Amino acid sequence: MYKIQIKNVLCFLILMLTINCFFWENMALAQEKKTRIIVDNYGRHIEIPKKVKRIACMPGSSYEMVFMLGGKDQIGQIRKDHRTAYPLANLTNPDLINYSSSLTNINPKARINIEEFIKIAPDVVIYYNVPNAIQKFEEAFIPVYVYQPNKKSKDFDEAIRGEKNTMRSFANLLGGKAVQKAEKWCSYYDEKVALIRSRTENIPEDQRPRVYMGNSWGRNPLSTWAGNTMTFAISICGGICVTKDIKGAKFPEVNLEQVISWNPDVIIIDNHGREPDKVIKNICNDPEWSVLNAVKNKRVHRIPSGVFFLDKGSSRPVYLLWLAKQVTPEKFTDIDMVDEIRFYFKEFYDFDLSRKDAEHALRGWDGNYSNKKSTKG
Amino acid sequence: MTRTKIAALIIMPLLIFLISLFLGRLLIDPLTLIKVLCSKVFFFIPMEKTWSDAVEIVVLRIRLPRAVMAMMVGAGLSISGAAFQGMFNNPLVSPYLLGVSSGAGFGAALAILMDRGAASIQFSSFLFGTLAVLLTYCISRVYKTTPLLMLVLSGIVVSSLFMSFISLIKFVADPEEKLPTIVFWIMGSFGGVRLEDIIITGPPIIIGIMGLLFVRWRINLMSMGDREARAMGTKVELLKVIIIICTTMISAAAVSVCGIIGWVGLVIPHICRMWVGPDHKVLLPTTIAVGACYLLIIDNFARTMTSSEIPLGILTAIIGAPFFAYLLRRSKGGWF
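Top line first, the protein sequences correspond to chains V and W.
Reminder that position 46 of the first sequence reads as 46 in this note's numbering, one-by-one numbering, no gaps.
Reminder that position 70 of the second sequence reads as 70 in this note's numbering, one-by-one numbering, no gaps.
Extracted from the complex, chain V is given alone in its bound form (with noise of 0.2 angstroms):
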């Protein structure tokens, strides 16, 4: 009886002994290849070098992150458009332009030309969830670090601990300073959320505006939003989403009809069109869309412009107090965005705006598509 345990024991030290030295090997491995492993938005792990210094930023708003969180010298490719589509991209990196931009000729999301990536052989690449795509640099034995920015949630605190989670994994992949910042990030976040939350909490559910938000790639913005992302934003700013009902297509197609007979109180126009200002226009005179609320109110708005789309990547806590101030103008009175904006320029970008330049993002700089041309070099 005795014996036989002692035996037991004896095999599971042994046991221990030789897994505790494959991992010993392993992570002197690790060592000498001067690599660390970390997880990525997707919660995959991934070997990268210990000092990251050549970053391929392929989805919209990680060139914008990584930016943010200091990574300016790691940086090795963008896509094309981060240099072209953003004019306060180019304003507040003087670098930009010195990005080799060379792997994003087509569309990024299309299939990859992994040679290509193989050519440049970036540290690490921040690509889409796309998994063939993934399959393929793994094969290339160049590290994927998986980026997700729309996760579905099941409500907006759970939406907000994924942003923050993304940010930390971020701040974690490029090492250092970020780490801090990102913190800093996460709680600055927290602040803005506390101080919407506070304001607009009470506010019942009948006398909350009805907020529809458009697309402004066409004469009129029939093409609109839907997805728990935007109702999660709107409601915590004090509104009610037109469109929370829709399911399936990320930009549905609606008639005019139906948005009359919504008839909301606020219309949000995005940037992603090439006139913003013009679709604005065209439906402020228009004898069909005059009937609405919104447009009877004057109270059409366009979304700012930052250093990507403000309503993506870091800029969200700037996107959702401006979204807050439009949506219940009286309870955000004392807020001056033209402040904030600098604020958070000065603050997350070390990059000094003027008041100037800070009230031409907030009018959304002329168009985000239009300025196309004469960024460009």
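Quick caveat, the hints were computed from the structure, so don't treat them as lab data.
Because the structure is a prediction, the values reported are computed rather than measured.
Glycine included, each C-beta is placed from N, C-alpha and C at the ideal position.
Cβ pair distances, simulated, as ranges: (1) V:Lys281 x W:Val183: 22 to 32 angstroms; (2) W:Thr50 x V:Pro131: 57 to 67 angstroms; (3) W:Pro322 x V:Ser198: 48 to 58 angstroms; (4) V:Ile120 x W:Val183: 29 to 39 angstroms; (5) W:Val183 x V:Gln148: 18 to 28 angstroms; (6) V:Gln148 x W:Ser164: 31 to 41 angstroms; (7) W:Pro203 x V:Thr333: 47 to 57 angstroms; (8) W:Ser164 x V:Glu47: 39 to 49 angstroms; (9) W:Asn220 x V:Pro131: 54 to 64 angstroms; (10) W:Leu18 x V:Gln148: 46 to 56 angstroms; (11) W:Ser120 x V:Gln148: 31 to 41 angstroms; (12) W:Thr50 x V:Pro204: 26 to 36 angstroms.
On the provided structure of chain V, position chain W as indicated by the hints.
Chain W only, in chain V's frame:
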């Protein structure tokens, strides 16, 4: 054709047209709606305005143009389909045979890719639709004639060429923003139709329909084959050109304003043939009425079923296929 049939063909479209004015996402009291309509029809009788601007705009500027457009496009596509099926003497032919839809689709996709407004999308799609057909015609021209087989084959060539252009544009387009717009556009919708669109696209469609009605008796001769028709003294080449011009005008205008609506041009002629027989003199007017009704009904589903628009390309077949299958089973295929 009996009198009841003729009466049905006239009353049915009008009735469905009136009913569709009452359907929509905005709940409007039927009485108010009748008042609004009456106030516009009998504008000389002064009437107290008891309804809101929203109701008037929804009825007169949203539902009315949309219903009119759906009827015009439905009628136009069906009559073109019937004319082509007669001309090619082939039941599998649709008005898009000569590449008009892929050309127009390419034009629209190109304009969307280049961030152009709605008017340019329409213009570019009309232009490329016509160009595609012109190209088809030029390719098939042999010794001052255009044999039907050559037309069919060069139509296939041009169609597939423009189809791959569309795929190329889809491949290059931004997956977040432009791709959904292009895909939605190609699937077809009357969602963006306005009063102005009717003024722009109405004339080509109506002229095309008139043209086809004008030559409808001669299509009977064509359906006997080129040689027989020529032997009977028909100017076959001229007739072909007229039919091609008319159908191209109709389908390019239709596609440019509401995307590629399949099925209507292929199946409505068959349904009509089951009903009134294969004589084109009777068949063509019938397709106008039935096609208009059919597309209007489909569009009523598309705009009222859910809060977001359902693309017509999906509905035309989902609703139409079971109905057509039923007719097929019943008639046992003995109508062509």
